[in-house]
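Going down the list, the sequences are from chains L and H. The numbering used here applies: residue 3 is where the first sequence begins, and numbers increase by one. The numbering used here applies: residue 109 is where the second sequence begins, and numbers increase by one.
Treat the hints as calculated values from the structure; they're not laboratory data. Heads up, none of these hints are tricks.
Chain L stretches covered by chain H per the calculated footprint, using a threshold of three residues with CB under 8 Å from any CB of chain H: (1) 26–37; (2) 46–57; (3) 105–116; (4) 329–338; (5) 383–396; (6) 405–414; (7) 423–437.
If you want the ones that stay clear, here's a sample from chain L, every Cβ over 10 Å from chain H, calculated: (8) D78; (9) S168; (10) R188.
Heads up, the beta-carbon is just placed ideally off N, CA and C, and yes, glycines get one too.
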Amino acid sequence: MAGGGNIAAAPPVPRERRRARLRDRVVAGAFLLPAAVLLGVWLVYPAVNTVVRSFYDRSGDAFVGIDNYRTLFSSDPLLTAIRNNALWVAVVPALVTAIGLIFAVLTERIRWSVAFKVAVFMPMAISLFAAGVIWRVMYEKEPDRGAINATIGAVADWVDPPGVLSSARASSPALAGGTGGGIALRDTVRPGGVALMGLTGIRASEVPDDAREAVRPASRPGTVTGVVWRDFRPGGGRAGVVEPGESGLPGVTVELRHSGGGRVATTETGPDGTFRFDGVADGDYRVAIGAATFAAPFDGVNWLGQGLITPAVMMAYIWVWAGFAMVVIGAGLAAIPRDLLEAARTDGASEWQVFRRVTVPLLAPVLSVVFITMIINVLKVFDIVLSVAPASVQDDANVIALAMWRTAFGGTNDFGLGSAIAVFLFLLVIPVLALNVRRFRREQ
Amino acid sequence: MTTTEASGLATAPPGTREGARPAVGARITRMLTRAPIAILLAVIGIAWLVPTVGLLLTSLLLPSEIQSTGWWHTITDTGLLSLENYRRVLDDGAITSSLWTTVWISVGGTLLPIIVGALAAYAFAFLEFPGRDWLFIIVVGLLVVPIQMALIPIFSLYNDLGIFDTIIGLILFHTAFGLPFAIFLLRNFFVGIPRELLEAARIDGASELRIFVRVILPLGLPAIASLAIFQFLWTWNDLLIALTLGRDTQPITVAIFSQLRQFGSNIEIIAPAAFISLVIPLAVFFAFQRYFVQGLLAGSVK
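Pulled out of the complex, with its shape left as it was, chain L reads as follows:
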């Protein structure tokens, strides 16, 4: 009869009952004590202390009222952090929920859905810090090292191929122009003339393998001849003069233009760099190498620079959390009665209509749980910003949690302002706390 308090049917002896109740309380106290101590000392006391501390100055000696909160909303780095965090809340929870929903719905249509889910869910096991390191490697600027820029570069160079001589410059004042608009001879040429187009700034590795020693072509009547060559040899050489040991530049597209503009003809240089335009009518012409020859190859998007750092960190974060959304929404999806969907299909609804009118409304509670969970997570985002963003752009990538840590522990050591930032963060998550408690009480 020891635990009689729970058995309503049997009327217990009053004294026994009182003793049992007392015993229950003592045992409960003993069972709760360790948790109460830990929660009291590590959560409740510090939380109260932080609130009080936020009204004192950096060292905690002088009461400063709401000065710390004023600073929070007036200093530039902190405003950037708040703005960035607002952007995070606006973009990331919605994207993660949407991606999770799409993945959850699509995986129902393949047989190897477990493999797909494991691949997408796996980053959840990795620390956000390590995930940041992973993406830092992906985001490297040089297309030779960063996989993302290598991929973009491969596409960009395929759509818009780089020129054969991307780094070349004119070797003498006889040529004008630059890599932007092409390089042209300053003086006009008449049929029978020879166009000497010396270029420098070309690395030995950029000279094509089939290149031979440059030759100064002979003049021919009715023809414009010329040579494009690498106007450089070990030891120097004279600018604008074809000398032994200097290499011709094959495969360069040369244009013959009217002196007033307008293209007459184009040709390509041979292995020794020479070219010719035959049967040219009498008149003044200009010889030029088009801009395409000098087009620079793709040199990488600066993901880790000031402008793109926040989207870059967000992408890494979504990579981590999409799996969470997919799995939770997937479980919700599995609980939807199949016959409901089948009924809609039998009534002639298209797949899209079934999704839009039946699946999504039925999933609404699960979707809102994912969305709210992601809002809390995003408000507290910290590690991944610290590991993706290089120190030099952390001011631009700043978020509230990072600002708090940097203010209190990152060199400034302003505990007053740091506490104020922590309290601000706490206030932001309180509405979510209220939601949680309400949901819990409804369930009871």
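With chain L held as given, fit chain H onto it using these hints.
Only chain H this time, still in chain L's reference frame:
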């Protein structure tokens, strides 16, 4: 949504096994309409693996190549691969000792909240005492208190107590912040255990502690397993707490963090160290995937 409904990632895709096998023609049509989705998902799935594989291959690049070569070159030129970076990192005492620090923090930070949390959850689930529901609601409320709210006072407190920069200090912090979720998860699981089992043990004269150890803990094992995995991953993956409350007591995340300033030139240390740091959570995840997903659903859907 209850914890028992989900069984890991392998929830059967509905609609694939129902009814009799359709006719050949219908099956071909269905395969054709599904092919674009299958291809799309294959591409996405592979894309999702690329970053992690990229880190692994980067960490395996020859030390002489790692500064200048992209990891994808190792796919066509396996001569670029070597274990040299790992050998150097493991020979370097700092990284190995920080790995051990991580292990101790994770083991302590997993066991302690489970024990303390299970005791409290038992009281909330099975014992009568005044204010029980309100106390439990407070615990649920504590779930969302950000770690940042405790850092500054605990930093000062640890300095006063002399446990700043100690493993025990970090474990206690992890324990306290793991408790709300632990109590919440375990209590919700415990209330599902039939009370008759308890009453029977009580009538047999077993003490509450004995009932807790002999009856409730074994029956609560699925929930405890979920909690253990969560807590382990959480403590193993922590950066913020160790960075704030330690200086020389560096778990692996902090050790890598201190190398990040020279990201370009230190990549031969950072890449293998980062990969070592994530291999263990990944192994735990693959081994106990089912419990992990269950805990996730219990924590978020409830």
